[in-house]
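Based on these hints, arrange chain B on the given structure of chain A.
There are 2 protein chains.
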Amino acid sequence: MYTVNELREIIKQELDKKEYMQEPYSLFEPIVYMLEDGGKRLRPMLTLIAYNLYRDDIEKVLKSAIGIEIFHNYTLLHDDVMDDAELRRGRLTVHRKWNTNVAILSGDAAAITAYKCIEHCEDKYLRRAIDFFNQVAMDVCKGQQYDMEFEKREDVTEDEYIHMIYLKTAVLLAGSLRHGALLAGAPEHEYNALYDLGGALGLAFQLQDDYLDVYGDVTEFGKNIGGDIVANKKTYMMIKAFELADAPTKEVLWHWIEKKDFDKDEKVAAVTRIYDRLGVKEYAFAIIDKYLDQSREILERLDVSEERKAYLRDFIDSMGNRKK
Amino acid sequence: MYTVNELREIIKQELDKKEYMQEPYSLFEPIVYMLEDGGKRLRPMLTLIAYNLYRDDIEKVLKSAIGIEIFHNYTLLHDDVMDDAELRRGRLTVHRKWNTNVAILSGDAAAITAYKCIEHCEDKYLRRAIDFFNQVAMDVCKGQQYDMEFEKREDVTEDEYIHMIYLKTAVLLAGSLRHGALLAGAPEHEYNALYDLGGALGLAFQLQDDYLDVYGDVTEFGKNIGGDIVANKKTYMMIKAFELADAPTKEVLWHWIEKKDFDKDEKVAAVTRIYDRLGVKEYAFAIIDKYLDQSREILERLDVSEERKAYLRDFIDSMGNRKK
Numbered sequence: 014m015y016t017v018n019e020l021r022e023i024i025k026q027e028l029d030k031k032e033y034m035q036e037p038y039s040l041f042e043p044i045v046y047m048l049e050d051g052g053k054r055l056r057p058m059l060t061l062i063a064y065n066l067y068r069d070d071i072e073k074v075l076k077s078a079i080g081i082e083i084f085h086n087y088t089l090l091h092d093d094v095m096d097d098a099e100l101r102r103g104r105l106t107v108h109r110k111w112n113t114n115v116a117i118l119s120g121d122a123a124a125i126t127a128y129k130c131i132e133h134c135e136d137k138y139l140r141r142a143i144d145f146f147n148q149v150a151m152d153v154c155k156g157q158q159y160d161m162e163f164e165k166r167e168d169v170t171e172d173e174y175i176h177m178i179y180l181k182t183a184v185l186l187a188g189s190l191r192h193g194a195l196l197a198g199a200p201e202h203e204y205n206a207l208y209d210l211g212g213a214l215g216l217a218f219q220l221q222d223d224y225l226d227v228y229g230d231v232t233e234f235g236k237n238i239g240g241d242i243v244a245n246k247k248t249y250m251m252i253k254a255f256e257l258a259d260a261p262t263k264e265v266l267w268h269w270i271e272k273k274d275f276d277k278d279e280k281v282a283a284v285t286r287i288y289d290r291l292g293v294k295e296y297a298f299a300i301i302d303k304y305l306d307q308s309r310e311i312l313e314r315l316d317v318s319e320e321r322k323a324y325l326r327d328f329i330d331s332m333g334n335r336k337k
Numbered sequence: 014m015y016t017v018n019e020l021r022e023i024i025k026q027e028l029d030k031k032e033y034m035q036e037p038y039s040l041f042e043p044i045v046y047m048l049e050d051g052g053k054r055l056r057p058m059l060t061l062i063a064y065n066l067y068r069d070d071i072e073k074v075l076k077s078a079i080g081i082e083i084f085h086n087y088t089l090l091h092d093d094v095m096d097d098a099e100l101r102r103g104r105l106t107v108h109r110k111w112n113t114n115v116a117i118l119s120g121d122a123a124a125i126t127a128y129k130c131i132e133h134c135e136d137k138y139l140r141r142a143i144d145f146f147n148q149v150a151m152d153v154c155k156g157q158q159y160d161m162e163f164e165k166r167e168d169v170t171e172d173e174y175i176h177m178i179y180l181k182t183a184v185l186l187a188g189s190l191r192h193g194a195l196l197a198g199a200p201e202h203e204y205n206a207l208y209d210l211g212g213a214l215g216l217a218f219q220l221q222d223d224y225l226d227v228y229g230d231v232t233e234f235g236k237n238i239g240g241d242i243v244a245n246k247k248t249y250m251m252i253k254a255f256e257l258a259d260a261p262t263k264e265v266l267w268h269w270i271e272k273k274d275f276d277k278d279e280k281v282a283a284v285t286r287i288y289d290r291l292g293v294k295e296y297a298f299a300i301i302d303k304y305l306d307q308s309r310e311i312l313e314r315l316d317v318s319e320e321r322k323a324y325l326r327d328f329i330d331s332m333g334n335r336k337k
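Protein chains in written order, with the working numbering: chain A, 14 to 337; chain B, 14 to 337.
One should not assume that every hint holds.
Because identical chains share one entry, a pair is satisfied inside a single copy or across any pair of copies.
[Stated by the list, open to error] Pairs of lysine-lysine, DSS-like flavour, derived with a Cα cap of 30 Å: (1) K263 / K277; (2) K272 / K76; (3) K110 / K165; (4) K31 / K129; (5) K129 / K76; (6) K280 / K25; (7) K31 / K165; (8) K322 / K76; (9) K246 / K280; (10) K246 / K110.
To be clear, the hints were calculated from the coordinates, so they are not data collected in a lab. All values reported here derive from a predicted model rather than from experimental measurement.
Next comes chain A alone, as it looks inside the complex (with noise of 0.2 Å):
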């Protein structure tokens, strides 16, 4: 059994040998440049876990798992294009730094990199490994056209919040856990069973995210406290607080939104103040629980001796505390 940490160097150590690079490098730069900048290497970690629950030697999976990194890249590569963001865990994104045109086409090879990642496996798994990445891959863009009509509509419901970062976010977690499991030789039931929970941790990690921009520590988070907010971006906070709000609340809600012209701090801590009223925060938590409690429920029906399972148990706690 390998620990987290040991995993992360492992994943690590491959990334820098930089295997995909080839000529004209230039195609490539910003494919490196993605990846050196570090990122928590949660989908290939879980990968290389699920594989661990049944097998030792990880070192059969690598190359497919950094294959699942180097996709997960390639969509933050397009995405930030389409959002126009300017900073990617604290640096330039590759279209501030070069332009749009290499963001498209590096992305374009980073894509089709993944997928040659992707096929390092036996035979007997092939058909169904691309079967399920194709899968996740299309989910993900499903998922990330919703994101951005969601964007131009001001009835998005709760629902359809979930079901949107279910596709552009939880599918590529639960799809890194189907693909460890299955090159490992586990039974559908089984893989098909990581696949939920990583669903289950995915829908968790991502309402997290939401819940750590309002109430995240900014020495811890990394990024500034409430740009959700100054953003307008619909996340659960914003839908559940427009959801529980009555008339004279939501006009509040509105007229910050509307507003062109603010103090950043201002509209933040007023719209956070909203957000306590309501009790934003604890229908955060509880959907937090929720998804957590579900991820553990699936891990404890799986057929694996309980020291294995007590990683990814592990894994799913420090997802539930984490605070970056």
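Relative to chain A, chain B alone:
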């Protein structure tokens, strides 16, 4: 054996099914838009023709062939964003009809759709089919990268240009033929020969495009003659002209390239006169013929009956005679 027209109709009917459509439809509508506007369907035709060299049950390779057409349209979708092209086959490009974000994301969805289609094959061919497709897809990306880099360079040689169009255009035609032959169970040396045949044919195809832009008939070519000249595109014609020109002629070419304010017809006429004088047309004829002959020679060496070869030979000949 199927005639070229029969194959085109079969491809049309398969595309018309729009089997790739899923919710949210907004994500797939731009793909439908791209695919419904016709085009030559050259790539799926080549896949079916190659398959048909060895086998008659072409319905087995149809979905996969459609995948190559969808992949081709995905590259056009993103290329049009990168070139900020306004029109494609006489209609607004996707990023002009919708917007850039739609073109990026629907392009991404098209790429994944292509991967989903490509895997429609027997298990025994799957790994090679995916491997080959990854290689082709990456080569197309590399070709586009070189193309964009060449735009900023003034010293692109003929060899570099041929290498670029080989990657950007010829490799996909080559891969289309190889894919059909692979899935038909052709031996390795045969599908590799068809790959080489397609590479030569693809070069001839692109070089003829360059030629027709200058010397084509506007009513047949369907684009304005001289479009490349107006846009200062570094085509074979322009690169060859610079190679052949003496110092004063180069200066005239530079004059037209650098002139910001010009009458389009006057510029096209002036540059075409230089091409005429330098004999660029004859060089273009010679190199197109060279590559067409290469593809014919490879065809002769294939281990298939004369009757079956005849169809591909006609196809090569029709490429040599094409006016649009």
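Verification of the hints:
1. K263 / K277: within (19 Å within a copy, 58 Å between copies)
2. K272 / K76: neither (49 Å within a copy, 52 Å between copies)
3. K110 / K165: both (28 Å within a copy, 18 Å between copies)
4. K31 / K129: Result: close both inside a copy and across copies, 13 Å intra and 27 Å inter.
5. K129 / K76: Answer is both: 9 Å inside a copy and 21 Å across each meet the 30 Å cutoff.
6. K280 / K25: Neither: 40 Å inside a chain and 56 Å across chains, both beyond 30 Å.
7. K31 / K165: between (39 Å within a copy, 28 Å between copies)
8. K322 / K76: Intra 24 Å, inter 42 Å, cutoff 30 Å: intra-copy only.
9. K246 / K280: This pair counts as within: shortest intra-copy Cα distance 13 Å, inter-copy 51 Å.
10. K246 / K110: both (25 Å within a copy, 26 Å between copies)
Hint check: violations occur at hints 2 and 6; the rest are consistent with the structure.
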